[in-house]
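A.B. asks: Full structure from sequences and hints, please.
Taking UniProt numbering, I'd label the letters of the sequence shown as residues 1 to 130.
Dumping the calculated SDA-like pairs for lysine to any residue here, alpha-carbon to alpha-carbon at most 20 Å:
#1 K124 to R108
#2 K72 to E84
#3 K75 to L86
#4 K104 to E130
#5 K81 to D69
#6 K89 to I99
#7 K90 to E106
#8 K109 to I97
#9 K111 to K124
#10 K89 to E76
#11 K104 to R91
#12 K89 to D103
#13 K75 to L88
#14 K75 to K89
#15 K90 to I105
#16 K109 to H92
#17 K109 to A129
#18 K94 to K109
#19 K111 to A129
#20 K104 to H92
#21 K94 to K104
#22 K109 to R119
#23 K111 to E100
#24 K104 to A129
Read the hints as simulated data drawn from the structure, not as lab findings.
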Amino acid sequence: MVVYEVSGDCPKHKSIKACQEAAISDTSCLWCEHANMCITSNYPDTHDFKVNGCRNKDLLKQEETTIEDNWKGSKEALTSKCQEVLGLKKRHHKEWITIETLDKIEERKNKNAATNNSRTRAEKVQAQAE
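C.D. replies: Here it is, written out as structure tokens:
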């Protein structure tokens with residue numbers, strides 16, 4: 001006979017007390033928070049299998065977030081160290097191009113970007129007019 005145990009709200013009965021009152025003496029109930037489900041069974045072996053399955057799902061979820069967090073941390077550390085050691089990329093221009101010409105080129109790039117980022121034809125016409 002399996003001992004009745006509840007460690008959270010049972011969705012079938014809306015409360016722990018109602019779940020305990022509605023239970024049959026040879027049935028075990030356990031709330032698995034990570035799987036968001038109520039685990040019930042009549043046999044101890046099946047119940048243990050389901051509970052361990054719930055714990056395994058929990059471990060997999062923890063590993064997924066851990067790997068993502070580790071990757072983000074490694075990427076940020078590498079990027080910051082590279083910028084610290086190497087510095088930002090310096091843009092060198094040709095000596096024969098004047099600064100005024102470079103300013104005009106930059107202005108034209110910004111206008112093209114505004115035109116390309118417009119969603120409707122009216123916005124594109126307006127961006128081209130400016």
